[in-house]
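Q: The lines below spell out each chain.
2 protein chains.
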Amino acid sequence: MTAYARLEATFRKLAAIGDALSMLQWDASAMMPDGGAESRAEQVATLRGISHEIITAPEIPDLLDQAEGEGLDAWERANLREMRRDWIHSAALPADLVDALARAESACEMIWREARPAADFKRVLPALSDLLGLVRQMGAIKSEKLGVGIYDALLDQYEPGGRSAEIDPVFDHLEGFLPGFIAQVLDVQARRPAPLPLPAPFPAAAQKELGLKLMAVLGFDFNHGRLDVSHHPFCGGTPDDVRLTTRYNESDFAPALMGVLHETGHALYEQGTPKGRWRSQPVGRSRGMVLHESQSLLMEMQACRSRPFVDFAAPLIKQAFGGQGPEWEADNLYRRGIRVERGFIRVEADECTYPAHVIIRYRLEKALIEGRMELADLPEAWNQGYRRLLGITPPDDRLGCLQDIHWYGGSWGYFPTYTLGAMTAAQLFQAAQAADPDILPGLGRGDFKPLLGWLRTHVHGQGSLLTGRDLVTRATGRPLDPAVFEAHLRRRYLEE
Amino acid sequence: MTAYARLEATFRKLAAIGDALSMLQWDASAMMPDGGAESRAEQVATLRGISHEIITAPEIPDLLDQAEGEGLDAWERANLREMRRDWIHSAALPADLVDALARAESACEMIWREARPAADFKRVLPALSDLLGLVRQMGAIKSEKLGVGIYDALLDQYEPGGRSAEIDPVFDHLEGFLPGFIAQVLDVQARRPAPLPLPAPFPAAAQKELGLKLMAVLGFDFNHGRLDVSHHPFCGGTPDDVRLTTRYNESDFAPALMGVLHETGHALYEQGTPKGRWRSQPVGRSRGMVLHESQSLLMEMQACRSRPFVDFAAPLIKQAFGGQGPEWEADNLYRRGIRVERGFIRVEADECTYPAHVIIRYRLEKALIEGRMELADLPEAWNQGYRRLLGITPPDDRLGCLQDIHWYGGSWGYFPTYTLGAMTAAQLFQAAQAADPDILPGLGRGDFKPLLGWLRTHVHGQGSLLTGRDLVTRATGRPLDPAVFEAHLRRRYLEE
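Which chain is which? The protein sequence lines are V and S, in order.
Per UniProt numbering, residue 1 is the first one in the first sequence, and the count goes up by one each step.
Per UniProt numbering, residue 1 is the first one in the second sequence, and the count goes up by one each step.
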């Protein structure tokens with residue numbers, strides 16, 4: 001057996017354990033009673049420990065080296081590259097640092113859960129400071145192994161091959177036009193009549209039925225997945241069995257509906273990754289968080305907030321809730337869907353203001369990781385960012401730097417993927433439409449096949465064969481170009 | 001670290017993997033879309049493989065031997081005994097026999113799925129013959145390692161320490177009185193007016209609500225479990241997170257309701273096993289299939305078909321379905337619940353005829369395993385058994401020897417546990433009532449605390465500390481006595 005074949009067998013085993021873990025984590029969020037938490041934690045820790053033992057076995061680095069010389073084809077070479085990346089991220093850290101990180105993450109997150117409602121940043125500062133110290137240690141070690149800067153080493157965990165040197169100019173471009181653009185949009189919006197309100201309640205059962213219907217329209221394969229409820233909606237499970245969740249608010253159907261469409265974008269990506277031999281190999285996986293977010297936002301923001309799709313969906317929405325009157329017409333629903341507002345909370349932000357939230361966080365986390373800023377200065381720096389980019393000042397840290405779990409749970413280097421995903425979505429959607437002019441009219445008929453077909457070929461079916469950058473370049477003819485996203489925003493919010 | 005402590009750590013890990021497998025298997029039955037089956041099979045096979053590697057590691061037998069001399073307390077000694085038993089059952093077989101068995105089981109079961117509806121025993125005979133050959137090989141190996149006969153070695157997989165030398169006289173006793181007793185019961189029953197029918201449909205939602213309500217009455221802890229739907233109802237999950245399933249038939253609510261009460265009996269046993277240190281150790285597990293079935297049948301047959309409980313439940317049942325009229329009164333519901341009929345199908349059998357179905361299968365499987373009978377003679381021998389014990393002849397093998405999946409799926413030595421469980425249930429229920437005279441009146445108030453308290457102390461909380469035989473003897477003052485079960489049947493079916 002070749003070294004490469006032995007590695008494939010090892011990673012097939014790791015994939016099966018990883019898939020089992022995904023299902024157990026979905027269950028913990030969507031099904032498990034509270035009393036099951038302790039033994040579930042034991043199950044998860046045990047399976048993770050077994051995975052870690054397998055990938056850090058002493059023969060792995062030798063096998064990785066030997067396989068390089070075994071005359072592999074393009075997919076095998078890419079698979080080997082991804083195996084090495086997995087191995088570096090898993091085996092780079094000494095066991096005591098891994099333990100210390102896990103403890104610091106859970107300690108900090110627990111204190112954050114109290115500090116946030118109390119708007120008390122000082123309470124969590126010591127724990128966050130400990131955690132950041134360990135994250136920087138981890139970053140320094142991975143930086144050396146990957147041969148990149150410390151921030152990029154953390155970013156690489158979420159976006160393989162992601163580089164801040166490429167992000168900076170893109171975000172500079174956004175930062176250059178966003179403040180003026182947002183003012184313009186709000187001005188245009190203020191001169192139009194406000195959209196009509198929709199009459200609550202919206203029964204959860206009707207919301208669910210509508211969500212299932214539109215998931216099917218988008219192309220979700222219910223033979224390989226299902227929709228359930230959890231407190232924090234997500235797309236989990238495995239490519240063969242994708243588990244979406246949502247949460248129903250009976251006084252407003254839009255969050256669950258748009259959330260389901262968003263998660264369906266993630267799900268379609270997973271369901272479309274390569275089958276067969278590559279299903280259980282690193283190269284068969286979806287390609288990083290930027291492309292993943294691009295697929296959810298392509299569905300949610302590009303396709304499902306387009307006027308043709310709203311024209312298609314409006315009668316279904318009206319019927320689902322037994323609505324009557326002009327507030328249920330497509331024009332009103334469309335205007336509601338693209339409403340812009342300056343707010344403090346990222347997860348409630350619209351398409352125009354969202355990048356500002358992300359850029360603020362990206363600049364701050366990079367400065368903190370690179371040691372160019374003190375944690376104690378975070379609240380004020382945060383508020384300055386909001387003043388500069390959005391023209392508003394958070395009244396307290398609950399609505400400021402305490403709002404997101406990411407840093408307090410140990411996720412540093414994640415934030416930029418949201419906005420890079422939104423921009424990639426715009427660029428892919430533009431390229432898809434250029435390649436097939438029937439895509440947009442198709443959405444108006446509830447026919448997603450042309451769009452999904454293009455995505456299957458150019459994104460989903462590529463797995464992790466290419467880097468994210470190369471995939472976007474091949475699919476759209478150029479690397480990520482902020483002008484495409486800007487043009488999309490100008491068209492939708494100023495011209496239509 | 002002592003050898004014993006190392007074993008505890010190893011078995012804690014095995015328990016976590018086993019718990020993860022339980023959850024994945026529940027999910028496969030209750031949640032998973034069909035398209036997830038292939039990758040789920042891969043997950044399950046991988047985790048089983050890892051478990052098998054862990055328990056067959058070369059140091060385990062030495063550790064088991066060393067630990068014997070380490071001055072253990074009673075629970076530790078029992079734990080070590082159970083560890084050894086696990087090890088024997090896992091490590092006894094050569095890998096190629098394990099593989100051959102898995103293949104033969106799945107091949108035979110697949111053919112059986114076609115042969116049963118076609119009533120074509122000959123079609124499955126070659127595959128069943130192959131499978132039986134391998135099962136006998138397995139039995140011979142385990143027989144040597146355990147120092148018991150070949151049938152007992154198979155029985156031991158389901159009922160640790162179970163011995164056919166103890167089963168034979170008990171079943172002889174039943175066989176002696178059952179045919180005449182059943183005739184008497186049918187005679188008494190025929191002289192009474194038939195129970196009134198209940199008007200369908202019974203909506204699934206109402207059945208579910210009633211089931212949940214009665215689960216709570218019995219003492220099911222919903223912080224450590226839940227109720228869902230699956231094609232084949234079962235009690236799965238883990239002691240900390242018990243997953244019950246049922247199936248609703250809208251033309252008759254009794255099967256799902258009695259099924260839920262039955263499975264709740266299993267669940268209460270699991271939820272009541274020792275917590276803390278023993279939770280994840282072999283000695284903390286429930287004690288074999290006989291006691292498990294005794295707990296489900298104690299709830300279903302002894303407690304929930306008792307007249308006091310039916311008096312309590314009748315108004316709830318009536319209310320659940322908006323019923324009116326005499327057919328909803330306790331008297332009618334009680335009579336319906338203890339209706340006796342000679343039938344061909346075990347799973348549809350009542351309390352009086354069920355043991356006959358089991359005894360027939362026990363005698364046959366024992367003869368086949370011990371090589372005293374040819375498989376080709378099974379259909380005729382089966383039908384002779386039905387004639388002798390129940391006075392009826394199955395019209396074909398679909399209603400005869402093809403009806404149960406057990407043998408065709410490789411489960412030989414399981415059948416006697418059903419009836420031993422029913423008898424143990426009667427004996428435990430009698431002892432509990434003798435110890436606490438408030439138990440039966442409690443059921444009439446929907447108060448299961450006295451009964452559950454007795455079971456927690458004498459059965460559930462004992463885990464696997466004792467053998468099944470010793471547990472029954474300590475709890476009831478004597479080993480399993482068929483006269484107790486006989487007395488229960490005579491009282492319920494001839495005297496009341």
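A couple of the hints might just be wrong.
If chains are identical, the list can't say which one is meant, so a pair holds when it fits in one copy or spans any two.
Unchecked claim - Straight-line Cα separation of at most 20 Å, DMTMM-like style, residue types lysine to aspartate or glutamate; simulated pairs:
| no. | residue 1 | residue 2 |
| --- | --- | --- |
| 1 | 275 | 34 |
| 2 | 122 | 105 |
| 3 | 142 | 86 |
| 4 | 449 | 62 |
The hints are simulated quantities; they were obtained by calculation from the structure and are not laboratory data.
Q: Give a verdict on every hint.
A: Hints, verified against the model:
| no. | hint | result |
| --- | --- | --- |
| 1 | 275 with 34 | between (36 Å within a copy, 16 Å between copies) |
| 2 | 122 with 105 | within (17 Å within a copy, 63 Å between copies) |
| 3 | 142 with 86 | within (12 Å within a copy, 43 Å between copies) |
| 4 | 449 with 62 | neither (45 Å within a copy, 62 Å between copies) |
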